[in-house]
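A.B. asks: Kindly produce the complete structure, drawing on both the sequences and the hints.
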Amino acid sequence: MKPHTIELPLPSTPPRKILLRLPLGLLLPLLAVAGLELGVRSGLVPANLMPAPSEIGSTLLWLAEHGLGAHLAASCLRVAGGFVAGAVLALLLGALVALNARAERLLDPTFQALRAIPSLAWVPLLLLWFGIDETPKLILIAIGAFFPVYMGVVSGIRGVDRKLIEVGQLYRLAPLALARRVMLPAALPAILTGLRNGLSLAWMFMVAAELIAASRGLGYLLSDGRESSRADIMLGAIVLLALLGKLSDTAMGALEGRLLSWRDSYANRGAR
Amino acid sequence: MTALLELAIDEKRYGERRILHGFHLRLEAGEIVSLIGASGCGKSSLLSIAAGLDPAYRGSVRLRGGAVRGTHAEIGLIFQEPRLFPWLTVEQNIAFGANGAPDAGRIAALLEEVGLAGYGKSLPKQLSGGQAQRVAIARGLYTQPRVLLLDEPFSAVDAFTRMRLQDLLARVAAQHRLSVLLVTHDIDEALYLSDRIVLMDGVPGPARAEFEVNHERPRERAVLATSRLKPAILDSLHAVHAI
Numbered sequence: 001m002k003p004h005t006i007e008l009p010l011p012s013t014p015p016r017k018i019l020l021r022l023p024l025g026l027l028l029p030l031l032a033v034a035g036l037e038l039g040v041r042s043g044l045v046p047a048n049l050m051p052a053p054s055e056i057g058s059t060l061l062w063l064a065e066h067g068l069g070a071h072l073a074a075s076c077l078r079v080a081g082g083f084v085a086g087a088v089l090a091l092l093l094g095a096l097v098a099l100n101a102r103a104e105r106l107l108d109p110t111f112q113a114l115r116a117i118p119s120l121a122w123v124p125l126l127l128l129w130f131g132i133d134e135t136p137k138l139i140l141i142a143i144g145a146f147f148p149v150y151m152g153v154v155s156g157i158r159g160v161d162r163k164l165i166e167v168g169q170l171y172r173l174a175p176l177a178l179a180r181r182v183m184l185p186a187a188l189p190a191i192l193t194g195l196r197n198g199l200s201l202a203w204m205f206m207v208a209a210e211l212i213a214a215s216r217g218l219g220y221l222l223s224d225g226r227e228s229s230r231a232d233i234m235l236g237a238i239v240l241l242a243l244l245g246k247l248s249d250t251a252m253g254a255l256e257g258r259l260l261s262w263r264d265s266y267a268n269r270g271a272r
Numbered sequence: 273m274t275a276l277l278e279l280a281i282d283e284k285r286y287g288e289r290r291i292l293h294g295f296h297l298r299l300e301a302g303e304i305v306s307l308i309g310a311s312g313c314g315k316s317s318l319l320s321i322a323a324g325l326d327p328a329y330r331g332s333v334r335l336r337g338g339a340v341r342g343t344h345a346e347i348g349l350i351f352q353e354p355r356l357f358p359w360l361t362v363e364q365n366i367a368f369g370a371n372g373a374p375d376a377g378r379i380a381a382l383l384e385e386v387g388l389a390g391y392g393k394s395l396p397k398q399l400s401g402g403q404a405q406r407v408a409i410a411r412g413l414y415t416q417p418r419v420l421l422l423d424e425p426f427s428a429v430d431a432f433t434r435m436r437l438q439d440l441l442a443r444v445a446a447q448h449r450l451s452v453l454l455v456t457h458d459i460d461e462a463l464y465l466s467d468r469i470v471l472m473d474g475v476p477g478p479a480r481a482e483f484e485v486n487h488e489r490p491r492e493r494a495v496l497a498t499s500r501l502k503p504a505i506l507d508s509l510h511a512v513h514a515i
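Line order of the protein sequences matches chains P and H. The first sequence begins at 1 in this note's numbering and counts up by one. The second sequence begins at 273 in this note's numbering and counts up by one.
Rather than coming from a laboratory, the hints here were simulated on the basis of the structure. For every residue, glycine included, the Cβ atom is placed at its ideal position computed from N, Cα and C. Among these hints, one or two may not hold up.
[Claimed, not checked] Some chain H residues flagged as far from chain P (calculated, every beta-carbon gap over 12 Å):
#1 274
#2 276
#3 408
#4 504
[Said to hold, decoys possible] Here are the computed distance ranges between Cβ atoms for each label pair:
#5 H/334 to P/172: 10 to 20 Å
#6 H/342 to P/77: 43 to 53 Å
#7 H/428 to P/34: 54 to 64 Å
#8 H/283 to P/120: 28 to 38 Å
#9 P/261 to H/372: 22 to 32 Å
#10 H/394 to P/50: 52 to 62 Å
C.D. replies: Pasting the structure below:
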């Protein structure tokens, strides 16, 4: 018997819509800015406590001509210096603790105890020891960045699949090659998460350090704004902090996506 | 005559529990031997010891009469799961065991051999289970071992893929003149592939029984299905309470 065939209409492709694709994430900030502007102008929101976005903008422009660059550079350099110092130390010590059982018994309890101290508690002591110089700020930021990275490295290396390590042993990799070719890539997701968390904490501790004792930086702008009751300066500094934090986090996220594109995970589901 | 591989395991324990005891096995050059037996009878432990991954046992592993401690370049192992490195491409996974620069020609030849030509640049996440296991076989062959140990290598793939992978194993074993020690739960697989089937006892001790499989190669599955060896093996498995 001849098989029957049915003529089905071809699925029609819908006309491709040309939309100006603005990132959806911009919607909420834009709505808030527009709402505030209207609220302040109509007098519903007191302008001395919550200046209009346009006024914050003009304050930022004024600051830009009066040394904002130096403040920004000071803050960014502190974050970069403290983060790199804390992260490098955490990578080395975390790898040592995760790979060497004796080092773990020796060091890990101390690190866990230190981690339990709210890092801001160090501030008075750091000021006493190092004065109001750059040093205490960098140390505080490094402390802030250290623990998330340390935890990421230790948990990442400890969590490496024993079955993959066995493959490395089967092919008689030396300990160093095993660490480089198997452990490090397998632990990379957790390490990068640690680095990302460490970076956001570094920004937080930078502000804390500058609020207390600084003559330059975004934290200094904040405390300066408080002393002169200038809400526009404070809000301007906050906006800049938000932008810088988001920018550095996006950069870390992009690095993560690039280095981990091999992962067969929910986040990578489009990349098969 | 000395065997290519000779396992003499006096004792292997996990804590209080004795897994292997007085177990001997010889593997001649070019011979394919299947190990069958109940779960937990120590088949996988035996392979770990033979591969050199488990040093905690009493006894000896000898290759051409020489004692081997630890892993050996001429003894390869293919695991139950593919165990590919997800961050390496198929090519890089295949050449993982190589010292020095990967040999592109050999990688391409192996990919061809396992039926994955053109997949060299793919990542493991883009492969199906059967494809991944074929890459694992290519990786096992890349370092040119003389002995290939396989731990239930086809248990996690569907029946059709399993038959294709069995054909692949029979072909590469003949081409590379490999000696193969295969742990399996599948009597048909053992009959199809092996020269000899060794039945492990449920209690630690010497092998319970051995069966020579004298069917001509290449073998036909339909012929093997009526082989008189199969009921004999099933009887023995009943006797050791494996089934």
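A.B. asks: Determine for every hint whether it applies to the structure shown.
C.D. replies: Against the structure, the hints come out as follows:
{"no.": "1", "hint": "274", "in the structure": "holds (24 Å)"}
{"no.": "2", "hint": "276", "in the structure": "holds (19 Å)"}
{"no.": "3", "hint": "408", "in the structure": "violated (9 Å)"}
{"no.": "4", "hint": "504", "in the structure": "holds (35 Å)"}
{"no.": "5", "hint": "H/334 to P/172: 10 to 20 Å", "in the structure": "holds (19 Å)"}
{"no.": "6", "hint": "H/342 to P/77: 43 to 53 Å", "in the structure": "holds (51 Å)"}
{"no.": "7", "hint": "H/428 to P/34: 54 to 64 Å", "in the structure": "holds (57 Å)"}
{"no.": "8", "hint": "H/283 to P/120: 28 to 38 Å", "in the structure": "violated (59 Å)"}
{"no.": "9", "hint": "P/261 to H/372: 22 to 32 Å", "in the structure": "holds (27 Å)"}
{"no.": "10", "hint": "H/394 to P/50: 52 to 62 Å", "in the structure": "holds (56 Å)"}
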